[in-house]
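Okay, here's what each chain looks like letter by letter:
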Amino acid sequence: MLTDVIHVENLVKKFGNITAVDGIQLDVQSGQIFGFLGPNGAGKSTTIKILATLVKPTSGRAAVAGFDVVAKPNEVRQSIGLVFQDQSLDDRLTAQENLWFHAMLYDLPSTLFAERIENVLRLVDLIDRRHSLVRTFSGGMKRRLEIARGLLHHPKVLFLDEPTLGLDPQTRNAIWKHVKALREEKGTTVFMTTHYMEEAEHCDKIAVIDHGKIQAIDSPAMLKRMIGGDTIIVSGDDGLAESLKRAYNVEVQKVGSEIHFQMASGAEFVPKLIAGFAGRVKSIQVKQPSLEDVFLKLTGHSIRAQEGTSQDQMRQMAQLWRRR
Amino acid sequence: MRIAVKTIYTIWLREAKTFSREKFRVVSMIAQPLLYLAVVAKGISSAVTLNGNAGINYLTFMYPGIIGMSILFTSIFSAVSIIWDREFGFLKEVLVAPVPRWAVALGKTFGGATISMIQATILILIAPIIGISLSPLIVVEMWIMALLIGVALTALGIAIAARMSSMQAFQMVMNFLVMPLYFLSGAMFPITSAPPLLKALMTVNPLTYCVDGLRNIIFSNTLMTAGPFVGRSVVEAAMSFGLIRWSLVFDMSIVTFVAVVLTAAGAYRFNNQQE
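Taken in sequence, the protein lines are chains P and R. Position 32 (the first sequence) corresponds to 32 in my numbering; numbering is contiguous. Position 108 (the second sequence) corresponds to 108 in my numbering; numbering is contiguous.
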């Protein structure tokens, strides 16, 4: 039987006048890989911080592994592993010392230390560097070590906040391999945030979040089906969008100079379009629906359009904190 | 309770380990007080005579104050490394761990105090060079004093750093807290001859009692070689000329009391921070 390992009800978090999380509701079942997809500043990290007991919600309820995050923070902390968006290793210690430190804080029996540390270091392929100072590691190695650390105490839920941000594709794939292997072997539930569409495809379920509100929750396949067919992207003269709307009775969205709309079978539609609008259409593309399209349809804007660097976001957060 | 003790030990060990890895910090920790002693104290001692003519030179007078200064700088620096940890993210790892946060604060407090004790030990070893004779009792008493004031000052630093998030704030702490604490501790001039306003400020400064206590401890095994008290204890001479103000028991009691209060305050403040 599947049980809800994360349960969130009407969660709200306000920083002054700004509502970062606005009435979120979701359930994550045991063993799922659950993705939180949205642009920076959408409230993803704040939600994770609430679930990880780092920030108290303004109102609403959240439970992780059956424990309320406000009433039983210690029990929650014992049940979760957390990999942060920004580095949280001590770079003056070696890889092994960082893990040892974590094992102490999570009260693992000392008889298990050596074995567990070796296992996680093998998992992320850092066993050869176990005695090197973390400050000598590359960004990807640090990230892998953080993931290893998050797994050390066999958490029921692993939170990954933008786990592959700024990593090269090779490392990104390796990390995904580890995450999936972990789910198979240990039944660990994974709750992750991302703003990479390709990454969201790996998830069993995705919650699309924008401006602190959940726009939809479903599997990637179901979300794409929601689009209703293929996406047609055309460019052409100024009045083209209006004309298309009238001619085919479709909802169109403008993205830059492009016009996006959905059609049941895109390939067969192209000849009709050319026949009807010869001379006015400059280019036509037919695309299988992607999560990018889902996001566009749900929120009315592209996820990339709002993207800032994580440093910008940190600055914004810092300002919010100071204002409190 | 077992978890709390384990946490205190773990955090303490981290402080000690990371400290030993920072060669620059170790070197500067030893070099800075020596510089003060060799340049400032030596320079001033050639120009001034203290409170009448007890026959105690300025260098001797200032030496315990230099030890007090070192403990002050080291302790506050240890505590303020919380801001560092916050900036570089490591603090999150600790805050999200299933351990009581007050235990983290205590571990940090003892870490800072330990480093202070190491530094005080190094500095006491140069005492014979400036004509002060040591004994095992002096070293033990000095360790106790260094531990107590190290705990008090690290805890004070933690109480302040618990709500700070930037390095600029750290600069402010150095300017508006650490330097006044040092100047008004009786390390550089005796409290008895200070003007009334300064005297009042010095009386509420816990470091004053630490420095006074250190003088009681460090001078206890040395006899006067000059002046009206020749052949008698330096403590006696310093006491009668107002270079030592209180008894060691009184100094120790005050410092112990302050250490307990500040430790509680530091643990409380750290415990109740968000993120």
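Derived by calculation from the structure, the hints in this document are not laboratory data. Be a bit skeptical, because a hint or two may be false.
[Claimed, not checked] Listed next, the in silico DSSO-like pairs over lysine-lysine satisfying Cα-Cα at most 27 Å (straight line): (1) P:LYS272 / P:LYS245; (2) P:LYS72 / R:LYS6; (3) P:LYS177 / P:LYS213; (4) P:LYS186 / P:LYS213; (5) P:LYS213 / P:LYS254; (6) P:LYS156 / P:LYS177; (7) R:LYS23 / P:LYS156; (8) P:LYS56 / P:LYS180; (9) P:LYS224 / P:LYS254; (10) P:LYS72 / P:LYS186; (11) R:LYS17 / P:LYS142; (12) R:LYS42 / P:LYS142.
[As the list claims (entries may be wrong)] Here are some chain R residues pointing at chain P (derived, C-beta under 8 Å): (13) VAL5; (14) LYS6; (15) TRP12; (16) ARG14; (17) PHE90.
Every residue, glycine too, gets a C-beta built ideally from N, C-alpha and C.
Going through the hints against the structure:
Under the criterion of a C-alpha separation no larger than 27 Å, the hint pairing P:LYS272 with P:LYS245 is consistent with the structure, at around 15 Å. For a cut-off of 27 Å, the pair hint linking P:LYS72 to R:LYS6 stands: about 21 Å separates their Cα positions. For the proposed pair P:LYS177 and P:LYS213, the alpha carbon gap of about 30 Å is over 27 Å, so the pair is violated. This hinted pair does not check out: P:LYS186 and P:LYS213 have alpha carbons roughly 32 Å apart, beyond 27 Å.
Taken as a hint, the P:LYS213 and P:LYS254 pair is honoured in the structure, with Cα atoms around 23 Å apart against an allowance of 27 Å. For a cut-off of 27 Å, the pair hint linking P:LYS156 to P:LYS177 stands: about 18 Å separates their Cα positions. A hinted pair counts as satisfied when its Cα atoms are at most 27 Å apart, and R:LYS23 with P:LYS156 does not qualify at roughly 41 Å. Note on P:LYS56 and P:LYS180: the hinted pairing is violated, with a Cα-Cα distance of about 30 Å set against a maximum of 27 Å.
The straight-line distance between the Cα atoms of P:LYS224 and P:LYS254 is roughly 19 Å, inside the 27 Å bound, and the hint therefore holds. Pair hint P:LYS72 plus P:LYS186 holds up; C-alpha atoms about 24 Å apart against a cutoff of 27 Å. Of the supplied pair hints, the one linking R:LYS17 and P:LYS142 holds, its CA atoms being roughly 20 Å apart against a limit of 27 Å. Annotation: proposed proximity of R:LYS42 to P:LYS142 is violated, straight-line Cα distance about 50 Å (limit 27 Å).
About 11 Å separates the beta-carbon of R:VAL5 from the nearest beta-carbon of chain P, more than 8 Å, and the hint is not met. Evaluation of the R:LYS6 hint against chain P yields a held restraint, the C-beta minimum of about 6 Å falling below 8 Å. Residue-level restraint check for R:TRP12 is violated (minimum Cβ-Cβ distance to chain P is 11 Å; threshold 8 Å). Against a cut-off of 8 Å between C-beta atoms, the interface hint on R:ARG14 holds, since the closest Cβ of chain P lies about 6 Å away.
Evaluation of the R:PHE90 hint against chain P yields a held restraint, the C-beta minimum of about 5 Å falling below 8 Å.
Comparing the model with each earlier hint shows violations of hints 3, 4, 7, 8, 12, 13 and 15; every other hint is respected.
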